[in-house]
Amino acid sequence: MSPAAAPKPSPRKKTPREAAAPGPRTLAIDIGGTGLKALILGPDGKALTERKRVPTPKPATHQAVMRELKKLIKALGDFDRVSVGFPGVVDEGVTKTAHNLHESWEGFHFADALSKATGRPVRVLNDAGVQGFGVIEGRGVEMVLTLGTGMGCALYVDGKYVPNLELAHHPFRNGKTYEEYVGEAALQRVGKKKWNKHVQRVLEQVQPIWNPHKLYLGGGNARLIDFPLPKNVIITENIAGLLGGFALWKEEPLPQ
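So in the numbering used here, the last one in the sequence shown is 259, and the numbering has no gaps at all.
Keep in mind that a hint or two might mislead.
Stated by the list, open to error - Below, in silico cross-link-like pairs of lysine-lysine (DSBU-like), each with a Cα-Cα straight-line distance of 30 Å or less: (1) Lys234 to Lys200; (2) Lys40 to Lys99; (3) Lys99 to Lys73; (4) Lys55 to Lys77.
Stated by the list, open to error - Here are the in silico distance ranges between beta carbons for each label pair: (5) Asn177 to Leu227: 19 to 29 Å; (6) Asp115 to Pro231: 41 to 51 Å; (7) Lys253 to Glu53: 23 to 33 Å; (8) His173 to Phe230: 22 to 32 Å.
Think of the hints as simulated: they come from the structure by calculation, not from any bench.
Here a beta-carbon is modelled for each residue, glycine too, at the ideal position from N, C-alpha and C.
Let's have the full structure, built from the sequences with the hints guiding it.
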(Lines of atoms letter the chains of each structure in order from A and count residues from 1; the text may use other names and numbers.)
(Lines give C-alpha, C1' and ligand atoms only; values in the text may rest on other atoms or scores of the structure.)
Protein backbone atom coordinates (compact mmCIF):
# COMPACT_ATOMS: atom_id res chain seq x y z
CA MET A 1 0.00 0.00 0.00
CA SER A 2 1.34 3.41 -0.90
CA PRO A 3 1.87 5.87 1.98
CA ALA A 4 -0.95 8.34 2.60
CA ALA A 5 -0.46 11.76 1.08
CA ALA A 6 0.40 14.52 3.51
CA PRO A 7 -2.61 16.71 4.29
CA LYS A 8 -2.64 20.05 2.52
CA PRO A 9 -2.28 23.08 4.79
CA SER A 10 -5.46 25.06 5.33
CA PRO A 11 -5.60 28.34 3.41
CA ARG A 12 -5.04 31.49 5.41
CA LYS A 13 -8.35 32.94 6.61
CA LYS A 14 -9.10 36.29 5.00
CA THR A 15 -9.63 39.35 7.16
CA PRO A 16 -13.08 41.04 6.93
CA ARG A 17 -11.52 43.86 4.89
CA GLU A 18 -9.98 41.39 2.42
CA ALA A 19 -13.27 39.53 2.03
CA ALA A 20 -15.17 42.77 1.38
CA ALA A 21 -12.76 44.11 -1.25
CA PRO A 22 -13.69 42.87 -4.74
CA GLY A 23 -11.34 43.76 -7.54
CA PRO A 24 -7.63 43.30 -8.22
CA ARG A 25 -5.30 42.81 -5.30
CA THR A 26 -1.76 44.14 -5.64
CA LEU A 27 1.18 42.52 -3.87
CA ALA A 28 3.50 45.43 -3.04
CA ILE A 29 7.15 44.61 -2.30
CA ASP A 30 9.85 46.97 -1.06
CA ILE A 31 13.42 45.69 -1.35
CA GLY A 32 15.93 47.35 0.94
CA GLY A 33 19.51 46.83 1.96
CA THR A 34 18.49 45.54 5.40
CA GLY A 35 14.92 44.32 4.95
CA LEU A 36 12.43 42.89 2.44
CA LYS A 37 8.89 44.13 3.10
CA ALA A 38 5.52 43.29 1.56
CA LEU A 39 1.77 43.68 1.95
CA ILE A 40 -1.40 43.33 -0.12
CA LEU A 41 -3.20 46.42 -1.46
CA GLY A 42 -6.88 46.43 -2.32
CA PRO A 43 -8.48 47.83 -5.49
CA ASP A 44 -8.61 51.25 -3.79
CA GLY A 45 -4.87 51.24 -3.14
CA LYS A 46 -5.25 50.83 0.63
CA ALA A 47 -3.57 48.10 2.66
CA LEU A 48 -5.56 44.91 3.10
CA THR A 49 -2.98 43.12 5.23
CA GLU A 50 -0.37 43.90 7.82
CA ARG A 51 3.14 44.54 6.54
CA LYS A 52 5.41 41.50 6.62
CA ARG A 53 9.20 41.82 6.83
CA VAL A 54 12.20 39.51 6.62
CA PRO A 55 15.88 40.48 6.77
CA THR A 56 17.68 40.98 3.47
CA PRO A 57 20.04 38.01 3.06
CA LYS A 58 23.79 38.49 3.14
CA PRO A 59 25.19 38.38 0.53
CA ALA A 60 22.11 39.79 -1.22
CA THR A 61 22.50 37.96 -4.53
CA HIS A 62 19.43 37.82 -6.74
CA GLN A 63 19.13 34.09 -6.05
CA ALA A 64 19.16 34.61 -2.26
CA VAL A 65 16.69 37.50 -2.38
CA MET A 66 14.32 35.54 -4.65
CA ARG A 67 14.34 32.66 -2.13
CA GLU A 68 13.41 35.02 0.72
CA LEU A 69 10.75 36.77 -1.34
CA LYS A 70 9.02 33.46 -2.01
CA LYS A 71 8.81 32.84 1.75
CA LEU A 72 7.57 36.38 2.37
CA ILE A 73 4.91 36.17 -0.33
CA LYS A 74 3.60 32.83 0.90
CA ALA A 75 2.47 34.38 4.20
CA LEU A 76 0.33 37.09 2.62
CA GLY A 77 -2.46 35.29 0.74
CA ASP A 78 -4.02 35.82 -2.68
CA PHE A 79 -3.06 38.58 -5.12
CA ASP A 80 -3.54 39.36 -8.81
CA ARG A 81 -0.46 41.43 -9.69
CA VAL A 82 2.87 42.50 -8.21
CA SER A 83 4.60 45.85 -7.75
CA VAL A 84 8.22 46.07 -6.61
CA GLY A 85 10.36 48.96 -5.41
CA PHE A 86 13.99 48.13 -6.14
CA PRO A 87 17.09 49.99 -4.83
CA GLY A 88 18.77 50.72 -8.15
CA VAL A 89 18.25 51.49 -11.82
CA VAL A 90 15.52 49.43 -13.48
CA ASP A 91 14.90 49.39 -17.24
CA GLU A 92 11.84 47.50 -18.52
CA GLY A 93 11.94 45.08 -15.61
CA VAL A 94 15.69 44.47 -15.86
CA THR A 95 17.81 45.59 -12.89
CA LYS A 96 20.88 47.51 -14.04
CA THR A 97 22.49 48.55 -10.74
CA ALA A 98 22.16 47.48 -7.10
CA HIS A 99 24.91 49.22 -5.15
CA ASN A 100 23.58 48.11 -1.76
CA LEU A 101 22.71 44.54 -2.70
CA HIS A 102 25.08 42.53 -4.94
CA GLU A 103 26.67 42.75 -8.37
CA SER A 104 24.71 39.68 -9.52
CA TRP A 105 21.68 41.98 -9.99
CA GLU A 106 23.32 43.75 -12.93
CA GLY A 107 21.35 42.71 -16.02
CA PHE A 108 18.96 40.43 -14.10
CA HIS A 109 15.50 40.07 -15.67
CA PHE A 110 13.82 40.57 -12.32
CA ALA A 111 10.24 41.21 -13.47
CA ASP A 112 10.26 38.11 -15.66
CA ALA A 113 11.78 35.93 -12.92
CA LEU A 114 9.31 37.09 -10.27
CA SER A 115 6.39 36.73 -12.68
CA LYS A 116 7.43 33.14 -13.36
CA ALA A 117 7.74 32.45 -9.63
CA THR A 118 4.34 33.94 -8.74
CA GLY A 119 2.34 33.25 -11.88
CA ARG A 120 1.28 36.91 -11.86
CA PRO A 121 2.22 40.01 -13.91
CA VAL A 122 5.00 42.06 -12.30
CA ARG A 123 6.11 45.68 -12.58
CA VAL A 124 9.36 46.93 -11.06
CA LEU A 125 10.41 50.53 -10.43
CA ASN A 126 13.19 52.24 -8.51
CA ASP A 127 12.26 52.16 -4.81
CA ALA A 128 12.39 55.93 -4.28
CA GLY A 129 10.14 56.29 -7.32
CA VAL A 130 7.58 53.92 -5.81
CA GLN A 131 7.77 55.67 -2.44
CA GLY A 132 7.05 58.99 -4.09
CA PHE A 133 3.85 57.67 -5.64
CA GLY A 134 2.66 56.98 -2.10
CA VAL A 135 2.98 60.64 -1.03
CA ILE A 136 3.12 63.14 -3.90
CA GLU A 137 0.37 65.67 -4.65
CA GLY A 138 0.86 65.47 -8.43
CA ARG A 139 1.34 69.22 -8.74
CA GLY A 140 4.44 71.03 -9.99
CA VAL A 141 7.95 69.74 -9.32
CA GLU A 142 8.14 67.30 -6.42
CA MET A 143 11.19 65.45 -5.16
CA VAL A 144 11.80 62.44 -2.91
CA LEU A 145 15.00 61.65 -1.03
CA THR A 146 15.19 58.39 0.93
CA LEU A 147 17.67 57.92 3.74
CA GLY A 148 18.46 54.33 4.58
CA THR A 149 21.26 51.93 3.73
CA GLY A 150 21.97 54.29 0.84
CA MET A 151 20.25 57.39 -0.51
CA GLY A 152 17.41 57.18 -2.99
CA CYS A 153 16.13 59.98 -5.18
CA ALA A 154 13.04 60.50 -7.34
CA LEU A 155 11.70 63.47 -9.27
CA TYR A 156 8.15 64.17 -10.53
CA VAL A 157 6.69 66.88 -12.75
CA ASP A 158 2.91 67.26 -12.37
CA GLY A 159 2.79 63.68 -11.12
CA LYS A 160 4.89 62.27 -13.98
CA TYR A 161 7.86 60.26 -12.80
CA VAL A 162 11.35 61.02 -14.17
CA PRO A 163 12.93 57.53 -14.10
CA ASN A 164 16.23 56.46 -12.60
CA LEU A 165 17.64 59.73 -11.32
CA GLU A 166 20.67 58.38 -9.44
CA LEU A 167 21.73 61.49 -7.53
CA ALA A 168 23.14 59.28 -4.76
CA HIS A 169 26.23 58.39 -6.79
CA HIS A 170 27.03 61.91 -7.96
CA PRO A 171 30.05 63.60 -6.33
CA PHE A 172 28.94 65.92 -3.54
CA ARG A 173 31.50 67.03 -0.94
CA ASN A 174 35.09 66.26 0.11
CA GLY A 175 35.46 63.57 -2.54
CA LYS A 176 32.35 61.72 -1.36
CA THR A 177 29.13 61.03 -3.21
CA TYR A 178 25.76 61.97 -1.73
CA GLU A 179 25.26 58.38 -0.59
CA GLU A 180 28.67 58.21 1.06
CA TYR A 181 27.82 61.45 2.83
CA VAL A 182 24.38 60.57 4.25
CA GLY A 183 23.97 56.78 3.90
CA GLU A 184 23.91 54.34 6.80
CA ALA A 185 27.69 53.91 6.76
CA ALA A 186 28.12 57.68 7.19
CA LEU A 187 25.63 57.70 10.07
CA GLN A 188 27.56 54.96 11.85
CA ARG A 189 30.88 56.64 11.15
CA VAL A 190 30.14 60.23 12.23
CA GLY A 191 27.22 59.81 14.65
CA LYS A 192 23.70 61.20 14.67
CA LYS A 193 24.56 64.85 15.41
CA LYS A 194 27.07 65.26 12.59
CA TRP A 195 24.96 63.13 10.24
CA ASN A 196 22.10 65.60 10.72
CA LYS A 197 24.43 68.39 9.58
CA HIS A 198 25.25 66.30 6.51
CA VAL A 199 21.56 65.89 5.67
CA GLN A 200 21.02 69.61 6.14
CA ARG A 201 23.83 70.37 3.67
CA VAL A 202 22.31 67.98 1.13
CA LEU A 203 18.96 69.79 1.37
CA GLU A 204 20.69 73.15 0.98
CA GLN A 205 22.38 71.82 -2.16
CA VAL A 206 19.42 70.26 -3.95
CA GLN A 207 16.75 72.87 -3.16
CA PRO A 208 18.08 75.68 -5.40
CA ILE A 209 18.85 73.22 -8.23
CA TRP A 210 15.42 71.57 -8.60
CA ASN A 211 13.32 74.13 -6.67
CA PRO A 212 10.69 71.54 -5.75
CA HIS A 213 7.20 72.53 -4.71
CA LYS A 214 7.49 69.74 -2.13
CA LEU A 215 10.50 67.69 -1.05
CA TYR A 216 9.70 64.46 0.79
CA LEU A 217 12.18 62.71 3.07
CA GLY A 218 11.61 58.98 3.51
CA GLY A 219 13.53 55.83 4.36
CA GLY A 220 14.26 54.27 7.72
CA ASN A 221 16.71 56.95 8.86
CA ALA A 222 14.48 59.94 8.14
CA ARG A 223 13.07 59.48 11.65
CA LEU A 224 16.47 60.55 13.06
CA ILE A 225 16.29 64.07 11.64
CA ASP A 226 16.24 66.61 14.48
CA PHE A 227 16.84 70.01 12.85
CA PRO A 228 14.15 72.48 11.71
CA LEU A 229 13.10 71.68 8.15
CA PRO A 230 12.23 74.20 5.43
CA LYS A 231 8.47 74.68 4.96
CA ASN A 232 8.40 72.65 1.74
CA VAL A 233 10.18 69.60 3.25
CA ILE A 234 8.05 66.80 4.69
CA ILE A 235 9.09 63.61 6.49
CA THR A 236 6.99 60.69 5.22
CA GLU A 237 5.91 57.38 6.68
CA ASN A 238 8.18 54.52 5.62
CA ILE A 239 5.16 52.46 4.54
CA ALA A 240 4.82 54.80 1.54
CA GLY A 241 7.41 52.57 -0.14
CA LEU A 242 4.71 49.88 -0.28
CA LEU A 243 1.55 51.97 -0.71
CA GLY A 244 3.02 53.64 -3.79
CA GLY A 245 3.06 50.28 -5.57
CA PHE A 246 -0.59 50.76 -6.50
CA ALA A 247 0.38 53.54 -8.95
CA LEU A 248 2.39 51.12 -11.08
CA TRP A 249 -0.90 49.59 -12.23
CA LYS A 250 -2.80 52.74 -13.17
CA GLU A 251 -4.08 52.92 -16.74
CA GLU A 252 -1.11 54.82 -18.13
CA PRO A 253 1.94 52.52 -18.30
CA LEU A 254 4.88 53.71 -16.24
CA PRO A 255 8.57 53.46 -17.14
CA GLN A 256 10.15 50.44 -15.47
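Evaluated hints:
The straight-line distance between the Cα atoms of Lys234 and Lys200 is roughly 18 Å, inside the 30 Å bound, and the hint therefore holds. For a cut-off of 30 Å, the pair hint linking Lys40 to Lys99 stands: about 21 Å separates their Cα positions. Among the hinted pairs, Lys99 with Lys73 is consistent with the structure: their alpha-carbon atoms are about 22 Å apart, no more than 30 Å. Taken as a hint, the Lys55 and Lys77 pair is honoured in the structure, with Cα atoms around 11 Å apart against an allowance of 30 Å.
Distance hint for Asn177 and Leu227: a CB-CB separation of about 21 Å, consistent with the stated range 19 to 29 Å. As the Cβ distance of Asp115 to Pro231 is approximately 46 Å, the hint placing it in 41 to 51 Å holds. Checked against the hint of 23 to 33 Å, the C-beta distance between Lys253 and Glu53 comes to roughly 25 Å, which is consistent with it. With their beta carbons about 23 Å apart, His173 and Phe230 fall inside the hinted range of 22 to 32 Å.
Checked against the numbered hints above, the structure breaks none of them.
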